[in-house]
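Student: Okay, here's what each chain looks like letter by letter:
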Amino acid sequence: MASRAMARTKRKEQSEYYFDYSLLFIVLFLLGFGLVMIYSTSSYEAYQDYKDSAHYLKTQLLASILGLIAMIIVANIPYHFWEKFAVLGYIVSFGMIFLVKTPLGIKSHGATRWFRIPGIGLSVQPAEIVKLCMILFLACLVCKLGKNVRTWKGIIIMALFAVPHAVMIKVVTQNLSSAIIVMGIAVLMVFVADPHYKKYIVVGGIGCAAVAALVFWIVTSDTAAGLSFRFTRINTWLHPETDPTDTGFQTLQALYAIGSGGIWGKGLGQSMQKLGFIPEAQNDMIFSIICEELGLFGAIAIILMFLMLLWRLMIIANNAPDLFGSMLVVGVIGHIAIQVILNIAVVTNSIPNTGISLPFISYGGSSVMFLLIEMGLVLSVAKRIQLKEV
Amino acid sequence: MLTNPNKIAHRKKITLITLFFALILAGLFGRLVYLMVWRADYYAEKAVELHERERSIKAARGRILDRNGTVIADNRTVCTVSVIHNQIEEPEKVIQVLCRELGLSEEFVTARVEKYSSIERIKSNVDKETGDRIREYDLAGVKVDEDYKRYYPFGELASKVLGFTGGDNQGIIGLEVIYEEYLQGKAGNILTVTDAKGIEVEEAGERRQEPIKGKDLVLSLDMNIQSYASQLAVQAMKTKEADSVSILVMNPQNGEMLAMVNVPEFDLNDPYTLPEGTLYQTQEEYQNLLNAMWRNGCINDTYEPGSTFKIITAAAGLEEGVVTPQSTFHCPGYIVVDDRRIHCSKRNGHGAEDFIRGTMNSCNPVFITVGLRLGVDKYYEYFEKFGLKKKTGIDLPGEAGTIMHKKEDMGNVELATVSFGQSFQITPIQLLTTAASIVNGGRRVTPHFGVEVLDEEGEASQIFSYPVEEGIVSSETSETLRGILKLVVSEGTGKNGKVEGFSIGGKTATSQTLPRGSGRYIASFMGFAPAEDPQVIALAIINNPQGVYYGGQVAAPIVRQLYENILPYLGIAKENGDENNSSQSPADIP
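Chains A and B, in that order, give the protein sequences.
Remember, the numbering used here sits 133 above the position in the first sequence when you count from 1.
Remember, the numbering used here sits 131 above the position in the second sequence when you count from 1.
Just chain B, same shape as in the assembly:
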């Protein structure tokens, strides 16, 4: 048989095919080595990703503290209730319990329970007690995870400044948005190994990536001042039946905001509830009403500042030398600019007066004259130099810009109206900041709330610094103006802002809102103390007061009451010397 040539040929071929197959198998083995040695890490990692299901653990958001260390935004433990579709054993009972305990509609819960997904969130920010109760039912497939909810111990205080957070613990408005990156922290994860259907593999256990807590933020805000200012604002709004009242308190030396009140405020712990009796039809309307309620008028809205703006015109005129305190003017009750007759607030005129008197009287023709002496180019130059064209850079979202005539469109009439604070719009914070910068010796400061963030030990891990622009006016001009503004309070239109024993500088304003003749006014008063070396500057704005609407009568008393309380609190020294000091003759001022 062996000699049979056919047989030999067959044997050769059989051996050949076997070797051929062996060769292919060796090749496949090579492929396996490649996959299992060189690519092992890649595929193993991919597989782990596939097998692990993540449940995130919220990081505790950083707290917000006021300048005294009082906690004004804190965290409360709340629960998030979720369902895992595949683990649910009694869907009816689950739906029933969740509807009852969470107060949700049956369709809502049913849709989520029946949705085929690895984990479906039913409701977050559930009270801890409710969460514990649900946990006690011990329902298969229902998960109750603890996390944090933002809690504001002061409720309404500084609501529009602080802002609040949403269900995902992310800032929605206010400082909560601006300082998100510091406050937020880093969410952790619970990683559970599951099979393809999402069922946990018990013996595999779970892996935790711990969350990193957010950092605490320290503000310049003083809750005592904020609280007192709020009371005054609420009171004024009530007695004057005003639409809204804003009070700003700042340290003019460095721009630190001590208080920012915008009444009506809203409850930070319940920011989605409109004031009782508010009617709305559509969801869109509701959202608009909410946005209006959350709006921070001091930052987001502009207005015609009126006479308080005369501080700026005065500073420009004094700086440029077109006017001195002793310059004399005559006010017949109006002034004619080009073909227009612009009235003074006192229709029968102030008669002959010097610049100091003119300021004390808040005389429009005086300031129009100063403005015209400067001319459009110079005036515009100072307007920009004082920083009025830029935003203040305050650390709150949505700051509105200045609405001002274009330089090329500005004639004498426009210049005249701008000189006494009309026909253009700025935000209250812009006015306060510019005035502060003029009276503090000429340093344009950046208004701000954020002072520093703290690390876990409570040590400052980052101290914020804000730009300061030196020399927007000379220190002499600043000093002169402080003297004049002190007289405005002690003897002029702002005498209702006088505080016994303290030297106060200030300026009133009464501006009619657009359209003219609507009978709507904005009364305001800006005051700073001590007049010689301002440590605090405040601006009170009453929007649409009923009855008496003059700034000197409506707004100045608010600042007075505020100062009576906070000046001793801030440790500002009483004026030395006798009462006569305040009745210093205008002529003494250089």
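One chain only, chain A, in its complex shape:
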């Protein structure tokens, strides 16, 4: 009897806290869908290269399981526990960037973006660690700065802390997109922490105008002139058909895939473009294969799932018990939103091509593991939401 009474009170106690099942469901759905698409996309090439059509699927499945375990662990640890590791994480993650230059580094496509963890054989992209550590560190920093975050000084300090990592990711691992994401996360967190609007509107406006002016200048300048050579990436974006390099080829192939999908798609597994026309389609260009196989409806379903994910994250951020928790979730929102938007924009040739993966869906072990750890953090924050107070 006593034990039953205890169980009841425990249940009652727990029910006062919140667990976001919707978020968990969305994450599991995206993961599962991602695995299906990775198998569909990679099986043909995997069979040719490894005589095992499930080669990529197996690797990704392992990473997903490890990630889910990590997520559950992190979700059950009060998030304030991590506060004391913020500075350490900030420094260690910075150091890890340089690991790719050691013998542990893995070179691929002319850039070293991974290092191998000795013994396990798992390769890790330090940029993913940096993203997680940066979110944690900046969330702590916002709390430390308190009201100072509203001053220009506070803003500049916040931004400056993100710069070394971003620059090193670009310089050492030649990964512009991850550098953009790290900076994007920092800017977003500053923006949210500071209640003012005006200065951001002004700075943002100037930034947009500068980008527009640059693009306009490149478009109107003579393409034969030497200066446009530096902007090959942008020229390729504007005229993928005329560009014979890999980037233009890849972009064009993605467009062929998307266009030939049409409204209803060719059906799961029926993609032609995955037969080597889009190199390593399971990576950054996986969304184009989703479009080809599942059509416009498949594409909108995925976009809607991401929107729902962002919506759940927003609810959690808005109801977080304290600023630290809220800022952690804001960082995760920034990470996922920026990456999804950039990925789809690249695949549809809406912006110049830069290698960026689609969260939870693209092939990539470290990416999915660290994303799941971030989800664990978010779930941990969600757990502290006291329903009584809402």
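Bear in mind the hints are in silico, worked out from the structure with no lab data behind them.
Some clues are possibly wrong.
Covered stretches of chain A (chain B as the covering partner; in silico rule of three or more C-beta atoms under 8 angstroms from a C-beta of chain B) [unchecked claim]:
no. : stretch
1   : 422 to 433
2   : 467 to 478
FRET-style restraints, in silico, Cβ to Cβ [stated by the list, open to error]:
no. : chain 1 : residue 1 : chain 2 : residue 2 : range
3   : A       : 372       : B       : 223       : 42 to 50 angstroms
4   : A       : 412       : B       : 179       : 56 to 64 angstroms
5   : A       : 412       : B       : 147       : 35 to 43 angstroms
6   : B       : 154       : A       : 454       : 49 to 57 angstroms
Here are the simulated DMTMM-like cross-link-like pairs (lysine to aspartate or glutamate), alpha carbons at most 20 angstroms apart as the crow flies [what the hints assert, rightly or not]:
no. : chain 1 : residue 1 : chain 2 : residue 2
7   : B       : 477       : B       : 622
8   : A       : 399       : B       : 180
9   : B       : 522       : B       : 600
10  : A       : 240       : A       : 182
11  : A       : 399       : B       : 183
12  : A       : 184       : B       : 220
13  : B       : 537       : B       : 515
14  : B       : 328       : A       : 182
15  : B       : 189       : B       : 263
16  : B       : 138       : A       : 455
17  : B       : 143       : A       : 455
18  : A       : 184       : B       : 622
19  : B       : 328       : B       : 185
20  : B       : 189       : B       : 258
21  : A       : 399       : B       : 326
22  : B       : 705       : B       : 664
23  : A       : 399       : B       : 337
24  : A       : 184       : B       : 326
25  : A       : 399       : B       : 176
26  : B       : 328       : A       : 185
27  : A       : 399       : B       : 172
28  : B       : 177       : A       : 374
29  : A       : 399       : B       : 331
30  : B       : 328       : A       : 455
For glycine and all other residues, C-beta sits at the position ideal for the given N, C-alpha and C.
Since the structure of chain A is already known, use the hints to place chain B on it.
Tutor: Leaving out everything else, chain B in the frame of chain A:
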């Protein structure tokens, strides 16, 4: 907590950024709708182009038939052997088998097998048996496609007229070139879906675009006549040790060519092999020798026609009225024009003769006199009126133009030499056509081979028509001239061209080739029958005969033999009346 203004500000901003992101995603969704709905067809089409590999299927080339429906150019099934780099599993074995079966050098095959391309052709026009043998090896990556090869059942006959086709089934010389658009047909395609490396995607199957067969071409050529004329030409070339012999047979009424022989001919089924014993050093030399072997002398080369051209001078003189058949001349064996003395072929002269006799004797002073009577302006006018300055328009490639003095450079001496067929050059076909036009009543016809093209059911789908220019001479002049030329054969220099029972008109010629004094002659004879209403006209040209070189003795017998055979074959009526008819007095002619 809710009252905390900071918290409210944060919430506002978090909601704002989420909405901002949602907005961008909506924008990207719009972009997707554009790409996948409005641009879908464009990209889908591009993608299909990318995924499909084409292998063309040759269209069967149209056959060529002679006027009796005999097939003279046909198609044979042959194979094209290609390799697909990515599908080759045992490159050594592939190279070895292909070298052995196709008789190719190892470097050649290795280079192609190792070349990274979607499909590489090794050899076309491979015998069907060889193709089948290669297919039996069942080598991965080796494709044997069947197609057609041109086949000429008559081998050498009319080789320079018909021409042949190259490995891609495209005409290279002769009628095969001129009628390419009808004969060619339209190649089909086998479209196979492949992955990026060019490996076929099995389940996707293949799509075929069927080839469209070329149309059959019917010629005016008669292979029986061609064959007989060829025999005569070969025989004459052999006995007279001549360089070459040409025989042209035409219907003067409409310009239809019945035969065109140029010996030595070459084997159409093996056009790249030079006659045995031909020596050459360089590839260029080899090509030049080939071109020379393929050259159709009747069309592509010009010569000084000599006395056969007197027909033209006579026609001009009669038409203009400067001479009548009864006009009298005196030939002392030469004639002085300005300061030049031009000899007659008979050095001691023909003495007094009328125009008919003069023609029968082929007397140079007579024709020089007629030419001088006309004068440069008139003569030139007739030269152009008869169409001698233009090409004949025959349906063979590379017809040579006339090489003639400029009118302003022509003095009496030039006029005199032109009058008996020297100092200018025309093609044999030009001479034949002009002569035909003069004796047929004055209609300048266009010599031609192509009569019609047939559709698949064998019905005429297009009948060719050729221009005819009326009235280049009056029918009276034509008639008069026919009478005179008949006498040339029955009693004059052309009597070796006489055919028992038929009335033949004709003219001989013996011309020395340039440079003069080289001892090289061209003997020729032109004859038509029946003399009263010509249905067939033939020209025989013997180039550089050894021994006797007079046209009347060398060329006229060839035409006689030809006519003895083909006149009954063509159904030309024998001359009615008795033998006396042929010994009609010259005076009877108006």
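Student: All hints, please: hold or fail.
Tutor: We went through each hint and held it up to the structure:
no., hint, in the structure
1, 422 to 433, "holds (count 5)"
2, 467 to 478, "holds (count 6)"
3, A:372 x B:223: 42 to 50 angstroms, "holds, 45 angstroms"
4, A:412 x B:179: 56 to 64 angstroms, "violated, 20 angstroms"
5, A:412 x B:147: 35 to 43 angstroms, "holds, 39 angstroms"
6, B:154 x A:454: 49 to 57 angstroms, "violated, 29 angstroms"
7, B:477 x B:622, "holds, 17 angstroms"
8, A:399 x B:180, "holds, 17 angstroms"
9, B:522 x B:600, "holds, 13 angstroms"
10, A:240 x A:182, "holds, 18 angstroms"
11, A:399 x B:183, "holds, 17 angstroms"
12, A:184 x B:220, "holds, 16 angstroms"
13, B:537 x B:515, "holds, 12 angstroms"
14, B:328 x A:182, "holds, 13 angstroms"
15, B:189 x B:263, "holds, 18 angstroms"
16, B:138 x A:455, "holds, 9 angstroms"
17, B:143 x A:455, "holds, 15 angstroms"
18, A:184 x B:622, "violated, 96 angstroms"
19, B:328 x B:185, "holds, 14 angstroms"
20, B:189 x B:258, "holds, 16 angstroms"
21, A:399 x B:326, "holds, 16 angstroms"
22, B:705 x B:664, "holds, 12 angstroms"
23, A:399 x B:337, "holds, 18 angstroms"
24, A:184 x B:326, "holds, 17 angstroms"
25, A:399 x B:176, "holds, 14 angstroms"
26, B:328 x A:185, "holds, 19 angstroms"
27, A:399 x B:172, "holds, 14 angstroms"
28, B:177 x A:374, "holds, 11 angstroms"
29, A:399 x B:331, "holds, 19 angstroms"
30, B:328 x A:455, "violated, 56 angstroms"
Hints 4, 6, 18, 30 from the earlier list are contradicted by this structure; the remaining hints agree with it.
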